[in-house]
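Colleague: As a plain string of letters, each chain reads:
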Amino acid sequence: MSALEVRDVVVDYEARGGGRVRAVAGASLTVEPGQIVGLVGESGCGKSSLARAAVGLVTPTAGSVLFEGAPVSPLTRRARPRELVRLQLVFQNPYSSLNPRRKVGAQLGDAPDALDLVPRRRRAARVRELIELVGLPATAADGYPHEFSGGQRQRIAIARSLAANPSVIVLDEPLASLDASAQAQLANLLVDLSRKLELGLLLISHDLAIVRHIADAVSVMYLGLMVETGPTLPLWQVPLHPYSEALIGAVPHPDGTGFLPESLPGEVPDPANPPSGCRFHPRCPYVFDRCRTDDPPLVPLVGGRTAACWLQPEGAPVASPAVRAANHTDGAVVQ
Amino acid sequence: MSLLEVEGLRVRLRTTRGLVTVVDGVDYAVEEGEVFGVAGESGSGKTMSMLSLLGLLPDGAVVEGSVRFGEHDLLRMPRRRLREVAGRELAMVFQDPLTSLHPMLSIGRQLTEHVRLHLGLGRRDAEQHALTALTDVRIPDPASALRAFPHQFSGGMRQRIAIAIALACRPKLLIADEPTTALDVTVQAGILRLLDRLRRENELSVVLITHDLGVMSAIADRVSIFYAGKVVEAGSREAVLSTPRHPYTRALLDALPHPEEAQDKPLVAIAGAPPSPGSIPSGCSFHPRCSYARESCVHDVPPLVPAGDRLLACPIDPLVER
Chain A
5 MSALEVRDVV VDYEARGGGR VRAVAGASLT VEPGQIVGLV GESGCGKSSL
55 ARAAVGLVTP TAGSVLFEGA PVSPLTRRAR PRELVRLQLV FQNPYSSLNP
105 RRKVGAQLGD APDALDLVPR RRRAARVREL IELVGLPATA ADGYPHEFSG
155 GQRQRIAIAR SLAANPSVIV LDEPLASLDA SAQAQLANLL VDLSRKLELG
205 LLLISHDLAI VRHIADAVSV MYLGLMVETG PTLPLWQVPL HPYSEALIGA
255 VPHPDGTGFL PESLPGEVPD PANPPSGCRF HPRCPYVFDR CRTDDPPLVP
305 LVGGRTAACW LQPEGAPVAS PAVRAANHTD GAVVQ
Chain B
24 MSLLEVEGLR VRLRTTRGLV TVVDGVDYAV EEGEVFGVAG ESGSGKTMSM
74 LSLLGLLPDG AVVEGSVRFG EHDLLRMPRR RLREVAGREL AMVFQDPLTS
124 LHPMLSIGRQ LTEHVRLHLG LGRRDAEQHA LTALTDVRIP DPASALRAFP
174 HQFSGGMRQR IAIAIALACR PKLLIADEPT TALDVTVQAG ILRLLDRLRR
224 ENELSVVLIT HDLGVMSAIA DRVSIFYAGK VVEAGSREAV LSTPRHPYTR
274 ALLDALPHPE EAQDKPLVAI AGAPPSPGSI PSGCSFHPRC SYARESCVHD
324 VPPLVPAGDR LLACPIDPLV ER
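If you're matching them up, the sequences are chains A and B in order. Residue 245 in our numbering sits at position 241 of the first sequence, with consecutive numbering throughout. Residue 335 in our numbering sits at position 312 of the second sequence, with consecutive numbering throughout.
One should not assume that every hint holds.
[To be verified] Restricting the straight-line Cα-Cα distance to at most 20 Å, the calculated cross-link-like pairs of lysine to aspartate or glutamate (EDC-like) are: (1) A/Lys107 with A/Glu151; (2) B/Lys288 with A/Asp259; (3) A/Lys107 with A/Glu133; (4) B/Lys288 with A/Asp196; (5) B/Lys195 with B/Glu94; (6) B/Lys288 with A/Asp220; (7) B/Lys288 with B/Asp277; (8) B/Lys288 with A/Asp117; (9) B/Lys195 with B/Asp277; (10) B/Lys195 with B/Asp244; (11) A/Lys200 with A/Glu36; (12) A/Lys200 with A/Asp211.
In case anyone wonders, no lab produced these hints; they're calculated from the structure.
Model the full structure from these sequences, guided by the hints.
Modeller: As structure tokens, then:
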């Protein structure tokens, strides 16, 4: 059983002046215990909406979210089922999610208290444990959030989510707005925690280099849909969907070689008005007739990978879009 | 002769704790048609050193040293004259174009205003000029873009517009401060390619300020690494980023995941945090975070001196030590 299973989730928002915008148009992903899953895509692709649906912060219009086999109920006035505390969310900006006027130790003690996870007399010890778990000095309990650097504050936010003994944490851009060194520390911490505590992590990030470095599996999202999923390194070596290929080719290399990243022409279309057929077709360098009319389904390929592209027929062995396009005669793919 | 020559630049800002040094004796030169990269963490003085050239520092700031731009001495120029020169021959784009574009004025108005002022063009000519400027930065449908407002564009398009405005008077030097930091990688690549093309086609010089060494590596010809208000290493892009010799440059690069490296290698974070201006450590300001530091580093300020193919402010060479 997967720790977290998001199945065919659709998320709609009310648009200004009536009408609805479909931010997530039927997307699926799973997170296994101890696994780090990266969710990548350009801004506006629906990755944050999917994350919110995954923890029950927004109500999906359709589809289901299962946490440890039980449905994740959307947040309402009623108390959430107790089991759901083991599904946690960490936001991008820890400064806005921590109370500036309370000491860090007190804030870390809230969850164990409210949930009766530890007896009162063990509370201070539990707070110390949490602080140690995220690699902060023991004195951190007596400080206020403003006394810490951005990276340390993000550790505090993670420590607080760990207070509930979670089995899955969804992290929405946890590394954005940190400098490289703090990013490196936090990325290493996430890997350690995931391995040590058998913790499933859903890591949403626009920083592809970091995702490549720490994620076990990656899902690539475009305009509300998954276009490719698979184990991280094979996906990076030979991306199968033209969009994944474009994203990866756009990442700069900090090595002094003067590698000029490839730019992807055009922009993410308005989700209120998605293109016909394959949603990526107006920007795709390999586009052919069928792409303009038919929406390609996400199909399983060799090596535990999936892709939603007419150039990648179900069960096909690994070959880049360019190789496939070269062997392609309109309407039929030569394998 | 270099287009821009900065010598002994020192900037002190007035704070509640008195004057605080944010740029502490910096030298560099920018050649015509080159992209000069300035890298460093936040608070390293890279932005302040550029704002001082344009006379944009906060009130009460004290600037020393000399800045020669063409035949002008920018630091000793009357303010009026600086505005004329800076407006026409120097231009700047910032990280977030939403804060530098006026939300209530059409793109056309913002693109023609300074063109008319600095180049003395009439309304018709200015509009034609604006159209060319937008076409130059590859804005689709430039004619209707002229009538649109900033909020109608995406982040990447807004940055293109900001660049078009900055380049409309055909400046010789563009200072770009974290121009791609707020953008997606796909859009970032487009802006980097645009800057690279403009530099080649228009003989434009660019000072690229960024904390992102990947961005730096893509288009910079030469690079200066700033730490705590000083340059610690400078040289060609290949020299500094492929074989870094200052422990700080090395540490910065070791903290970054490389898109083609093995996955199981943990990233190496730099110990501690960068010092804040006003409490810079003695001796080499990097010594408290440096894994190579010796006794002498605590007392002696290492000068920036030639070391083979580069300038280096460190008596210990990590390449040799290892």
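Colleague: Of all the hints given earlier, name the ones this structure violates by number, lowest first.
Modeller: 8, 9 and 12
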